[in-house]
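Colleague: Take a look at the letters that make up each chain.
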Amino acid sequence: MIKLNLACGTAAMMLACAPSVQAKDVIVSAGEGAQTRLQEALIMAQPGDTVVLEAGTFALSDGLSLDVDGVTVRGAGMDGTVLDFTGQLDAGEGLLVTSDGVTLRDFALENPKGDGIKSKGADDIVYHRVRVTWTGGPLATNGAYGIYPVESTNVLIDGVKVSGASDAGIYVGQSRRITVRNSIAEANVAGIEIENSRDALVENNIATRNTGGILVFDLPNLPVMGGGNVILRRNLVVDNDTANFAPPGNIVASVRRGTGILVMANDGVLIEDNVLSNNPTAHVMVIAYTQPYQDERYNPFARNVVVGENAFGRGGDDPQLDGAEMLVSAFGGALPPVMWDGVTEGETGLTVSEGVTGWSLNLATPGQDPATGQPAPLDVPRPSYSFDASSVGAPAEMEARLTS
Amino acid sequence: MTPRIALLVLAGASLGAAALAAPLAAPQPVNDVAVSQTPLPGKLSDFGFFADQVRQIPAPRVTPYRLNTPLYSDGAEKLRFLYLPTGTSARSDGEGLLVLPVGAALIKTFAFGEGVNRRLIETRVLLHRADGWTALPYRWNDAQTEATLAIAGGRVNLTTPDGEAISYRVPNKNQCKECHGLGGEVIPIGPKARNLSQEWLERMAADGNLDRVPSVADRMPLWEQRGSADSADAARAYLDVNCAHCHRPGATASNSGLDLRWEQDDHQALGIGKRPVAAGRGSGGLLFDIIPGKPGESILVHRMNSLEPGVAMPELGKSTLDKDGVAIVERWIREMHTP
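Those protein sequences? They're chains G and Y, same order as listed. Heads up: the first sequence begins at 1497 in this note's numbering, then just goes up one per residue. Heads up: the second sequence begins at 577 in this note's numbering, then just goes up one per residue.
Among the hints, erroneous ones may be present.
If you anchor each label on the Cβ, the simulated ranges turn out as follows [what the hints assert, rightly or not]:
id	chain 1	residue 1	chain 2	residue 2	range
1	Y	609	G	1895	44 to 50 Å
2	G	1891	Y	791	49 to 55 Å
3	Y	782	G	1636	34 to 40 Å
4	Y	795	G	1583	54 to 60 Å
5	Y	900	G	1899	39 to 45 Å
6	Y	793	G	1793	28 to 34 Å
7	G	1892	Y	605	30 to 36 Å
8	Y	605	G	1895	38 to 44 Å
Beyond 12 Å from chain Y on every Cβ pair, some chain G residues (computed) [stated by the list, open to error]:
id	residue
9	1563
10	1596
11	1718
It is worth saying that the hints were derived from the structure and are not from the lab. Every value quoted in this text rests on a predicted model; they were computed, and no experiment measured them. Heads up, the beta-carbon is just placed ideally off N, CA and C, and yes, glycines get one too.
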């Protein structure tokens, strides 16, 4: 058995080390001068190298950054190695990654002043068993995003844990081929957010005690548009009941407390086999973008959204909506699981599997005042739009980096 | 015995005299190997950019320049130089960046204090190598005799011209790229024809260091004359120089959708009536980047007015507020008409 493990390990190492002749481990310990020693290690690393963060708390005064392809940063566990940014003086995030093929694993960031880990234009990135925590709990003064890949292709996020983000715990923006799985997003404004992105698979996560659990949407006036082809499956989306603590002005500040899954202005989203419970506004909300905008490339409609079979528990019983009391009593004490604004572009509106219940505001156009709607039970066709599971998620080749 | 000693003494004396006279009589050329090849030169003096490094007197083919509107760096005085190897020259490219040959370098020293109290804090070099530009930060020692490579950056306690005691940040090598990065490459930011004086460009051309004088129809105003300049010109020049290296397509803050380049004239891209995207708590509860006539309700001004990481803009190299910069941007927004 030991022999077998060794053989596998060697084979995996050889694969991982292929780009560099002499890939090496660079060990960095906590303590005096950690800022300089760690930053130097990140700059001097060669492709294939591993920067090993020893167990302990690294007190950091400035943001860190990594700009070398193919580097692994590995700690001694998400509770063993802590990068403590409580005393951060500079930079917009704790760690910035701008190179490709980077693996970040087994360490934590605490109390970054801005975002936690931002990876921008960083393709083929793996986040594995990384924790980002604002230790004071949900506060408007916390940083915006915990795990923040943006403008990247091939993003694999597995087994991370984020809490306290004043915007989104796990935020993937303007990217494609994305997997977010086996992760916990707790006590953020938005737990997991897929924004202006394509080909995303969000599965086996826990989103709890956020204002909203999982959000999928497109915003106008961004370099990358046309989000869609997203599958949300087998997630536990429960007890998302934290009052919204986002500073006004941000899109997530408009998320209603108690939203389980929100789909807004996107094309092709499948919601299936999730467990949703105790989300007091709506388990699933499907809406068009409501704000005025000037951007010819932008499509504000939610198109081809499919709600398949999910396990819906109690919910919709304390909705943060205008006229909530009347609505709740009209529906007999709780709103049904799926809320739709009713706004469709042609025949591309919401469809749901047999037995899925909901209600619609029956609005006609994006941005129409909800007060002018005609709330009624949901009456939409059965799904005919088909999803190809192989077209979403990070490429399978990236899996090897979780075990190497 | 005696003649021999005399001879030795004489030799010593002449050597000393030669050493003293050397910089004046025959200035050493810049070390092109250090500029182009040495992976990470350890000391600023390895490059030989200066005939007298401490006094910042440039070596041959190293030309000082200034920018009409400069980047604010906690009030630091900046000494800028351009090095062009023998037999090369820069090329004009319209109003934009001068095209500099491989082997060229840009050198910028940051200093605080006046006259005899002037302290050199750091010197940043941008080296044009065969595989692209490399940015390296050098930090001056306390004795003010040498600057050594500080790839991880550092912090220096100092007092600004306004009398504020601050922890000044020397950027790390990667942070150089955060501002100098465009489309994955490192590029210069400062020496754009539109932000250089006509006289300097003419002299460069006359000296054979520039292929021709670029014609600039829309030159950025001189910062010290901003009071009499059109507020839009002065503010837009300021935003281009201080913000647009990140806030433009292909650069570090491209994902914000905010494009503050001088040549951008789309209102949304400039932030007018634009909602924030990834500002997080940086929005300060405000709804738009810029609201015409209302600087106090514009996120842009709010973030310029903050020193808190996560809110403050720029994110790097800012330990103090640029009151003059804020003032000109406020004036521009106040005088702006609703589009």
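Colleague: For each hint, tell me whether it holds in the structure or not.
Modeller: Now for the hints, and whether the structure bears them out:
no.	hint	verdict
1	Y:609 to G:1895: 44 to 50 Å	46 Å, holds
2	G:1891 to Y:791: 49 to 55 Å	50 Å, holds
3	Y:782 to G:1636: 34 to 40 Å	59 Å, violated
4	Y:795 to G:1583: 54 to 60 Å	44 Å, violated
5	Y:900 to G:1899: 39 to 45 Å	56 Å, violated
6	Y:793 to G:1793: 28 to 34 Å	31 Å, holds
7	G:1892 to Y:605: 30 to 36 Å	56 Å, violated
8	Y:605 to G:1895: 38 to 44 Å	55 Å, violated
9	1563	5 Å, violated
10	1596	10 Å, violated
11	1718	5 Å, violated
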